[in-house]
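Trainee: Each chain, written out:
4 protein chains.
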Amino acid sequence: MSKISLEQFNELAAERLPFAQLMGLELEQLDVAEVRMRARYNDSFLRPGGTIAGPVMMGLADAAMYALVLAHVGPVELAVTTSLNINFLRKPAAGDMIALARPLKIGKRLAIGDVALYSANADDIVVAHATATYSIPPQ
Amino acid sequence: MSKISLEQFNELAAERLPFAQLMGLELEQLDVAEVRMRARYNDSFLRPGGTIAGPVMMGLADAAMYALVLAHVGPVELAVTTSLNINFLRKPAAGDMIALARPLKIGKRLAIGDVALYSANADDIVVAHATATYSIPPQ
Amino acid sequence: MSKISLEQFNELAAERLPFAQLMGLELEQLDVAEVRMRARYNDSFLRPGGTIAGPVMMGLADAAMYALVLAHVGPVELAVTTSLNINFLRKPAAGDMIALARPLKIGKRLAIGDVALYSANADDIVVAHATATYSIPPQ
Amino acid sequence: MSKISLEQFNELAAERLPFAQLMGLELEQLDVAEVRMRARYNDSFLRPGGTIAGPVMMGLADAAMYALVLAHVGPVELAVTTSLNINFLRKPAAGDMIALARPLKIGKRLAIGDVALYSANADDIVVAHATATYSIPPQ
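Chains as they are written, first to last, in our numbering: chain C, 1 to 139; chain B, 1 to 139; chain V, 1 to 139; chain F, 1 to 139.
Keep in mind the hints are simulated off the structure, nothing from the lab.
Hints may contain errors.
As the list claims (entries may be wrong) - List time: in silico BS3-like cross-link candidates among lysine-lysine, alpha-carbon distance up to 30 Å:
no., chain 1, residue 1, chain 2, residue 2
1, B, Lys108, V, Lys3
2, F, Lys3, F, Lys105
3, C, Lys3, F, Lys91
4, F, Lys108, V, Lys91
5, C, Lys3, C, Lys105
6, V, Lys91, F, Lys105
7, C, Lys91, B, Lys105
8, V, Lys91, C, Lys105
9, V, Lys108, F, Lys91
10, B, Lys3, F, Lys91
11, F, Lys3, F, Lys108
12, B, Lys91, C, Lys108
13, V, Lys3, V, Lys105
14, B, Lys105, V, Lys108
15, V, Lys3, C, Lys3
16, F, Lys105, B, Lys91
My request is simple: use the sequences and hints to build the entire structure.
Mentor: Right, here's the structure in full:
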């Protein structure tokens with residue numbers, strides 16, 4: 001079971017992650033097996049070609065993974081990303097983006113997960129795929 | 001010699017990359033051998049721990065690499081990131097961030113570079129290191 | 001349907017991929033949706049700690065992805081890896097290794113897939129996870 | 001100063017890294033600031049197109065990084081790779097390969113470095129570029 005509630009995470013994000021607020025991030029589902037996070041579209045997401053800018057997708061993937069890590073270890077705010085690798089596969093049209101993050105390995109020191117990114121209106125086509133590693137501070 | 005001027009890039013960013021504007025990105029040097037870009041600090045950059053949020057650094061690295069690609073191929077706005085890998089090495093304090101992007105290989109279809117990220121006030125200590133690949137559309 | 005048969009691939013590997021032979025690689029299943037490849041254990045796989053050396057897993061992941069690409073594009077031997085990212089999650093014990101490769105996106109110029117690696121005797125526990133991109137030459 | 005001598009590393013490799021022996025790896029220079037390792041060419045390195053197979057370069061990069069880590073922490077054999085990311089930039093001709101590994105950050109728990117790969121007879125042209133992270137066990 002998640003060691004942090006969806007409400008707790010959204011509160012933490014509202015107070016402590018201003019960047020997530022700029023990006024319109026909303027946690028929709030929080031579970032140790034899967035996290036679902038939305039980036040609510042606004043026009044600042046666009047880049048030339050009329051598609052969503054890469055940094056939006058990277059920020060969304062990173063934040064979804066952060067929620068997944070906290071689901072496993074509790075409200076350890078100081079968990080930090082040590083690496084992130086992302087492949088951009090298709091050019092998503094303007095609109096909300098969804099990230100689904102799942103654990104690959106949750107260790108004592110490192111947590112690794114993968115994140116699939118979708119357009120909210122086409123949730124069967126992966127538009128980007130990331131893997132990310134978080135470092136969990138000793139407690 | 002760069003196929004796009006610093007002014008041209010900043011104009012393109014101002015008109016077509018709203019996300020770069022949100023992040024306070026400013027291109028400071030544009031050359032085929034090296035691009036220097038700044039992310040001008042504002043409080044939305046912070047994350048728990050009082051350090052700069054990962055997405056800020058990822059967005060800065062990606063934009064610096066975009067400028068490097070355009071320096072090589074000209075104003076091909078539709079060049080897009082296909083992959084980005086980043087290692088976060090140290091926790092930068094609040095303040096401006098600098099990215100230095102350099103080419104590893106500029107091919108006809110793919111351009112690959114690496115990007116070192118620094119705090120503006122400590123430009124000898126790399127705080128994050130990224131490699132990124134851009135796809136260059138056929139012209 | 002795969003554009004190359006399992007026998008064709010194994011023949012190509014036997015004749016043209018001596019490194020795959022050194023590693024005891026055997027293609028077990030070849031499909032456009034999934035490739036299953038085995039690295040048949042020998043003592044050269046070991047590293048300190050009694051676990052399988054990273055290069056064995058990287059070579060296996062790369063070869064499985066190569067087979068997946070050829071399943072999609074046919075016997076285009078000159079398809080080459082442009083990038084590979086791997087996370088080592090757990091230390092596999094001595095024994096055969098299995099790679100399952102699946103497509104993330106097969107484009108005209110680039111093919112991207114992910115590869116999960118298992119110990120053959122514990123095929124429900126991912127020990128390493130890779131994503132790889134191949135470049136497909138113009139034909 | 002390096003906490004392990006070049007001879008110590010080569011002895012460890014000879015006794016404990018059979019895969020490195022298969023690949024003809026030889027440590028040529030060992031320093032906390034830079035490690036230089038050679039993969040002595042044999043015909044098993046080749047892949048279709050007459051170039052060096054990717055797994056050879058990945059194995060060489062990983063081993064060079066291992067030597068760099070031991071230079072910093074001493075003969076901690078159980079240091080293991082947690083992730084490796086590699087971009088293949090150019091197709092090296094048949095011949096010895098050289099890896100130059102340099103530290104990006106050596107922490108207590110994680111060591112991160114980058115590795116440039118060259119053909120031995122053209123050491124000014126990077127043919128592949130990797131970053132790798134090692135986990136250092138508590139002692």
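Trainee: Any of the earlier hints contradicted here, and which numbers?
Mentor: Of the numbered hints given earlier, those the structure breaks are 3 and 15, listed in rising order.
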